[in-house]
Each structure stands twice: as C-alpha cells, then as structure tokens.
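Colleague: Below, each chain spelled out in residue letters.
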Amino acid sequence: MIAGRSRKARILGSIGLYGAVAAYVIFALFPLFWTLKISVTPQSLLYSEGITLWPSSATWENYKTVLQATDFPRYFLNSVIVSVITAVLVTIIASAAGYAMSRFSFRGKTTVAVTLLLTQTFPLVMVIPPIYRIMGELGLTNSLTGLIIIYTAFNIAFATFLMQSFFDGIPKDLEEAAMIDGCSRSQALRRVIIPLTLPGMGATLGFVFTAAWSELLFALMLISSDSQKTFAVGLLTFIGKFAVDWGQMMAASVLALIPACLFFGFLQRYLVTGLTAGAVKG
Amino acid sequence: MASVTITNVQKNYGAMNVLSAVDLSIADGEFVVLVGPSGCGKSTLLRMIAGLEEISAGEIRIGERVVNDVAPKDRDIAMVFQSYALYPHMDVASNMGFSLMLRKTAKELVLDRVGAAAKRLGLDVLLQRLPRQLSGGQRQRVAMGRAIVRDPQVFLFDEPLSNLDAKLRVHMRTEIKALHQQLKTTSVYVTHDQVEAMTMADRIVVMHDGVIQQVGTPLELYDHPANLFVAGFIGSPGMNFLPAVVNRMGANVGAQLTDGQTIAIDPGLPVEDGERITIGIRPENIEVGGTDTLKARIEVIEPLGLSTQFYTKLADLQVCIYAMGRTDRKPGDTMGIGIKASDVHVFNPATGQRIEPKA
Numbered sequence: 082m083i084a085g086r087s088r089k090a091r092i093l094g095s096i097g098l099y100g101a102v103a104a105y106v107i108f109a110l111f112p113l114f115w116t117l118k119i120s121v122t123p124q125s126l127l128y129s130e131g132i133t134l135w136p137s138s139a140t141w142e143n144y145k146t147v148l149q150a151t152d153f154p155r156y157f158l159n160s161v162i163v164s165v166i167t168a169v170l171v172t173i174i175a176s177a178a179g180y181a182m183s184r185f186s187f188r189g190k191t192t193v194a195v196t197l198l199l200t201q202t203f204p205l206v207m208v209i210p211p212i213y214r215i216m217g218e219l220g221l222t223n224s225l226t227g228l229i230i231i232y233t234a235f236n237i238a239f240a241t242f243l244m245q246s247f248f249d250g251i252p253k254d255l256e257e258a259a260m261i262d263g264c265s266r267s268q269a270l271r272r273v274i275i276p277l278t279l280p281g282m283g284a285t286l287g288f289v290f291t292a293a294w295s296e297l298l299f300a301l302m303l304i305s306s307d308s309q310k311t312f313a314v315g316l317l318t319f320i321g322k323f324a325v326d327w328g329q330m331m332a333a334s335v336l337a338l339i340p341a342c343l344f345f346g347f348l349q350r351y352l353v354t355g356l357t358a359g360a361v362k363g
Numbered sequence: 018m019a020s021v022t023i024t025n026v027q028k029n030y031g032a033m034n035v036l037s038a039v040d041l042s043i044a045d046g047e048f049v050v051l052v053g054p055s056g057c058g059k060s061t062l063l064r065m066i067a068g069l070e071e072i073s074a075g076e077i078r079i080g081e082r083v084v085n086d087v088a089p090k091d092r093d094i095a096m097v098f099q100s101y102a103l104y105p106h107m108d109v110a111s112n113m114g115f116s117l118m119l120r121k122t123a124k125e126l127v128l129d130r131v132g133a134a135a136k137r138l139g140l141d142v143l144l145q146r147l148p149r150q151l152s153g154g155q156r157q158r159v160a161m162g163r164a165i166v167r168d169p170q171v172f173l174f175d176e177p178l179s180n181l182d183a184k185l186r187v188h189m190r191t192e193i194k195a196l197h198q199q200l201k202t203t204s205v206y207v208t209h210d211q212v213e214a215m216t217m218a219d220r221i222v223v224m225h226d227g228v229i230q231q232v233g234t235p236l237e238l239y240d241h242p243a244n245l246f247v248a249g250f251i252g253s254p255g256m257n258f259l260p261a262v263v264n265r266m267g268a269n270v271g272a273q274l275t276d277g278q279t280i281a282i283d284p285g286l287p288v289e290d291g292e293r294i295t296i297g298i299r300p301e302n303i304e305v306g307g308t309d310t311l312k313a314r315i316e317v318i319e320p321l322g323l324s325t326q327f328y329t330k331l332a333d334l335q336v337c338i339y340a341m342g343r344t345d346r347k348p349g350d351t352m353g354i355g356i357k358a359s360d361v362h363v364f365n366p367a368t369g370q371r372i373e374p375k376a
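Sequences listed follow chains A and B, in order. Each residue of the first sequence is one higher than the one before, counting from 82 in this note's numbering. Each residue of the second sequence is one higher than the one before, counting from 18 in this note's numbering.
Source of the hints: derived by calculation from the structure; they are not laboratory data. As the structure is a computational prediction, the values presented were derived from the model and not from experiment.
FRET-style restraints, in silico, Cβ to Cβ:
id, chain 1, residue 1, chain 2, residue 2, range
1, B, 145, A, 250, 20 to 30 Å
2, A, 192, B, 198, 54 to 64 Å
3, B, 126, A, 105, 56 to 66 Å
4, A, 115, B, 142, 54 to 64 Å
5, A, 339, B, 106, 24 to 34 Å
6, B, 253, A, 105, 54 to 64 Å
7, A, 339, B, 126, 44 to 54 Å
8, A, 250, B, 241, 47 to 57 Å
9, B, 128, A, 141, 52 to 62 Å
10, A, 324, B, 106, 49 to 59 Å
11, B, 32, A, 271, 29 to 39 Å
12, A, 115, B, 182, 54 to 64 Å
13, B, 124, A, 108, 50 to 60 Å
Partial list, computed: chain B residues near chain A (C-beta under 7 Å):
id, residue
14, 89
15, 102
16, 115
Even for Gly, the Cβ is constructed at its ideal location relative to N, Cα and C.
When you get a sec, could you build the whole thing from the sequences and use the hints?
Modeller: Structure, rendered in structure tokens:
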C-alpha cells in the first residue's frame with residue numbers, strides 16, 4: 082500500500098478493482114448464461130417472448146429430447162473417448178520429452194526444440210489437405226483412432242514445453258540427492274521427481290483435454306458417419322436445412338460443458354499447488 | 018570409513034579446462050576443506066568424488082576401490098547440499114530414512130537409526146513435519162541428519178552453511194566439527210569462506226583457477242603461504258602487500274619501499290641487491306609505536322573494543338594494522354611502526370611464488 086493514500090482513495094481503489102473484476106466475469110460468463118437460458122426455454126416461447134433474462138416458464142423438454150431422441154449421447158461418448166485418451170497419451174509423451182529437454186543435453190536438442198516450435202506456427206487450415214490425404218491412405222478417416230492420433234500429434238509440442246518448464250522448476254539437487262541416497266536415475270524419477278511434477282501433469286492433462294474436447298476443424302473434415310462424430314460436430318446436426326433447433330442445441334452444449342467443469346473442479350487443487358510450488362523451494 | 022585418493026584428475030567442458038591435473042590424498046577420518054573463490058573448481062572436484070560429474074581424465078579412489086565408473090548410489094557416500102535438497106513431499110523422518118529404505122533395511126532399524134540421529138541433532142520433535150514447515154537452520158539439520166543416518170564411508174559437504182544467517186552459521190560450524198570429532202568419518206567440505214576453512218579443517222586445500230595452490234594445516238597456510246594468492250586469501254583482515262626493491266647493506270638486507278623507507282627482511286633469503294620483490298605483512302605483525310624509524314599516516318581507526326584496527330598509508334598504499342587494546346591516536350596522525358624481519362613474507366612479483374631461505 083502506498084503511504085499517505087487516504088482511506089477514501091483506498092476504498093475507491095477497491096471498488097474500482099472489484100468493479101472491473103465483476104465486469105470481466107459477467108462479460109465472460111454471459112454467453113454461458115445465455116446458453117443455459119435458451120436450453121430451458123420452451124420452443125413456443127423462444128421467438129414470441131422477446132429478449133428476457135429468464136423465460137416465463139422453464140422446461141427440461143429440450144434435454145429430454147437431446148438425450149432420448151437424438152444421437153447426442155453417442156457423440157458425447159465419442160468425445161469422452163477421444164479427449165481422455167488424447168490427454169493421457171499427450172501427458173505421458175510430453176512428460177518424457179519435457180524431462181529429456183530439461184535434464185539431458187543431447188545432439189540436436191536445439192533442432193528438436195525449434196522444430197517443435199515451428200509446428201505451432203502453421204495455420205491448421207493449411208495442413209488439413211495433406212493430413213486428409215495421409216489419413217485416407219492409412220484408412221484412418223472417419224475413425225476415432227485417426228482423431229486421437231492427430232490431436233496427440235498437434236498437442237505434444239506445446240505440452241512438451243509446458244512440462245519442460247515444470248521439470249525446470251524442480252531443483253537438480255533433489256535428483257542428485259536421491260541418486261546419492263541410493264536411487265538409480267529411474268528410481269529418482271519415480272520416487273522424487275514425478276511426485277513433485279504431478280501438479281504440472283495435472284495442468285497438462287487439463288489443457289489437452291479441453292483442447293481435444295472442443296476441437297471442431299479436424300473432426301469436421303475427417304469424420305462423416307454419425308457413429309464416429311464428436312459432440313462438437315454433432316452440435317451442427319441441430320442446424321437443419323430450414324431451421325435451427327436452438328433449444329436442443331443449447332441443451333446439448335450445456336451437457337457438453339459438464340465434463341470440462343468436472344475436470345477442472347478436480348484439477349483445481351493441483352493447479353493451485355502447481356503455481357505456488359516454487360515458493361517453498363530451498 | 019575410508020581414504021580418498023585423487024590422482025591426476027582433470028575436468029574439461031569441451032575445450033574449457035576446469036580442473037587441471039589435481040592430485041590429493043585424503044586420509045581416513047580426516048576433515049579436509051576445499052576453499053577458493055567461486056569458479057575455482059572446488060565444487061566440481063567434490064561432485065566428481067560424489068559421482069555427479071564425469072571425470073575427464075585421471076582416477077579417484079575411495080578406499081582401495083577406483084570409483085571412476087561407479088554410480089553415485091554405489092559409492093557409499095553422503096552429501097549435504099547448499100540448498101539442502103530435502104524432498105519437499107516427504108516428512109523429516111522419511112527424508113532421513115530414505116536412503117536406508119532404498120537399501121531395504123528392516124523398518125525397526127530404520128526407525129532406530131533415524132530416531133538416534135534426530136535426537137543427536139535435536140530434531141526428535143520435528144519428525145512428522147514437512148520441509149516447508151521448518152526454519153532454515155532446521156532444514157540444514159535435517160540435511161545433516163540424512164547424511165549421518167547412512168553411516169557412509171565419506172561425507173561430502175557443498176557449502177552447507179552459506180544459506181544461514183551469520184550467527185547460525187557460526188553455531189552450525191562448531192556443531193559440524195563436534196559431530197566429526199564423534200563420528201570420525203572422512204569428510205570433504207567445500208566453502209568459499211576462509212574463516213570456515215580455518216576453523217573446521219584438519220587440512221585445507223586452497224584452489225584457484227582449477228589448480229591446487231597449496232595443501233596444509235590451517236596454521237601452515239597462515240604462516241607459510243606458498244604464493245601471493247594463498248597469502249591474500251587466508252586470514253582476515255588480509256595480508257598487506259607492498260612492492261619493494263632489495264637493498265643489501267652488509268649483513269643486513271632491507272626491502273626499500275617506493276617512498277624510500279626500508280623494512281628489514283630475513284638476510285638468509287636468496288635475493289639479489291636491486292631485485293624487485295613483493296613483501297607481505299600480516300596486520301597483527303605490525304607493532305604500533307615501534308622503535309623502528311618506519312612511519313605510517315593513520316587514515317581510519319576502527320575500535321573493536323578488544324582490539325583496534327588502523328587503516329594507514331604507507332608508501333602510498335593502504336596498510337591495515339591490527340593492534341590489541343585501545344588507542345588515543347587520531348586519523349591524520351603519523352605514527353611510528355615496527356615490523357620484525359622474521360614476520361615479513363617475501364614473494365617473487367612475477368611468478369607470485371614465496372621466496373624461502375636457502376636450506
């Protein structure tokens with residue numbers, strides 16, 4: 082606190098700060114609120130009531146239809162499969178790669194790092210045609226396996242850098258102390274380094290999960306049959322030739338938010354410890 | 018317990034030579050301190066003994082065994098790190114018992130040994146705490162405890178006290194020394210602090226630029242520094258150095274300072290008339306108000322109660338004088354000082370080497 086600042090100025094400052102935070106939160110959450118609102122609005126009231134904050138009568142009808150009468154549960158399950166497997170695969174591979182980048186010096190290390198970085202600079206649209214051709218030859222179009230492979234490949238670069246920074250944050254001394262105490266390198270990794278990197282792995286897992294969960298472009302290009310669609314592609318099926326079924330689409334969207342929320346609720350503890358881990362060093 | 022023998026050991030990082038041809042024998046049970054300014058290679062040498070750093074050339078033995086290619090875990094050593102390197106996710110007891118647990122020691126025995134070590138270090142009430150819940154001094158003790166629980170052949174210390182405040186540092190210094198006197202385990206201790214080296218070591222190894230400058234007991238180094246580097250590094254306040262020219266007058270030999278004043282030096286030294294030398298005098302070897310004709314002008318007086326430190330100008334150079342007791346003198350005064358010929362260290366200014374009397 083700056084000395085000499087009056088009480089009034091401080092109160093005004095706090096009001097300003099909280100006001101700004103509140104404004105941002107409202108700005109960020111309002112579309113989600115609107116999604117929720119539309120999802121519980123009966124079809125009959127959607128266009129007739131004008132713009133209101135909450136419909137005069139709410140209904141679960143849209144949810145019921147989405148769950149019982151559409152393919153959405155299938156899409157949802159496909160998304161869960163693709164996202165979970167991708168997140169786990171990427172976390173394992175990126176942890177191993179990040180550890181190597183952080184701890185070892187090997188020939189071509191810079192080249193590898195630069196190449197990884199380079200893959201992040203291409204617009205995705207540019208690489209879709211070649212990837213479509215390759216996946217076609219391999220018979221991996223229209224399959225969840227194909228999606229998992231592509232998502233994994235595209236997320237590894239960033240996840241590797243993320244994990245490397247977490248490993249960099251763990252003092253080398255700890256590993257050396259473990260090796261003197263009687264660990265081999267792999268034991269030191271298992272007993273000392275990995276327990277300390279769990280928050281980082283949690284963050285990576287969460288990041289990749291959300292990225293895969295909400296991915297649309299590749300899924301749209303590579304998947305055509307209903308049985309293999311992820312929910313992001315599935316949402317588009319609510320757009321008919323002549324009308325958009327907003328109520329059902331929004332109900333499906335709300336359902337799609339649930340796993341992401343659960344995931345972050347579960348990871349939050351680790352993310353917070355991850356961010357403060359450096360404070361207890363030494 | 019074991020001896021440590023280092024023969025012609027070198028360390029290169031690419032073309033850069035960090036340690037050149039180091040030879041050192043550490044006896045069983047000895048406490049050896051490696052001391053030198055940062056970047057002198059002392060930590061690298063310690064890490065090579067530990068097996069954390071590869072040896073570019075030469076040989077290191079622990080006991081009779083050549084350990085060049087032995088993994089750190091199989092060298093039977095314990096190390097205390099500057100950062101303590103406590104495992105943040107384990108409590109004090111697990112930190113201390115980790116090495117025994119890895120060796121599949123029976124659980125009761127681990128508890129016994131950890132308990133005994135904890136008691137010795139005053140950690141018995143902290144065994145369930147995590148490292149982050151401990152103060153700096155307590156963490157340092159846990160790091161020590163982790164080392165002694167092992168009962169290793171050799172203890173290695175890498176600047177273990179540099180993260181503590183001054184008072185605690187002095188306290189832990191005595192504690193480590195007392196511990197060594199009880200356990201008598203061969204210890205190699207790295208520090209950049211010459212006071213730590215002087216107070217703790219059986220023998221000190223002074224290093225500079227990857228080369229061992231001198232090995233000896235603290236007092237050998239203090240009384241007979243082999244070169245200008247050791248002379249300047251050991252002792253606080255440091256030795257005064259003055260350039261001079263040899264002036265032979267019959268049986269007496271003097272060192273003539275740049276302002277014409279002359280200090281008598283040992284006549285047995287192999288120096289020629291007119292030869293350039295550097296003389297070194299320790300602050301406590303200059304007598305204030307001596308009968309000698311030497312004069313110095315006082316610039317600053319630092320009263321320490323028990324003693325007084327004078328910073329004076331002699332032949333245009335600053336000379337520190339350390340005198341017991343107190344003084345009435347004032348800055349600006351010129352005072353007579355006396356220096357015994359036997360207290361003057363003489364060095365070759367070109368090579369930096371000490372000039373010794375002919376045997």
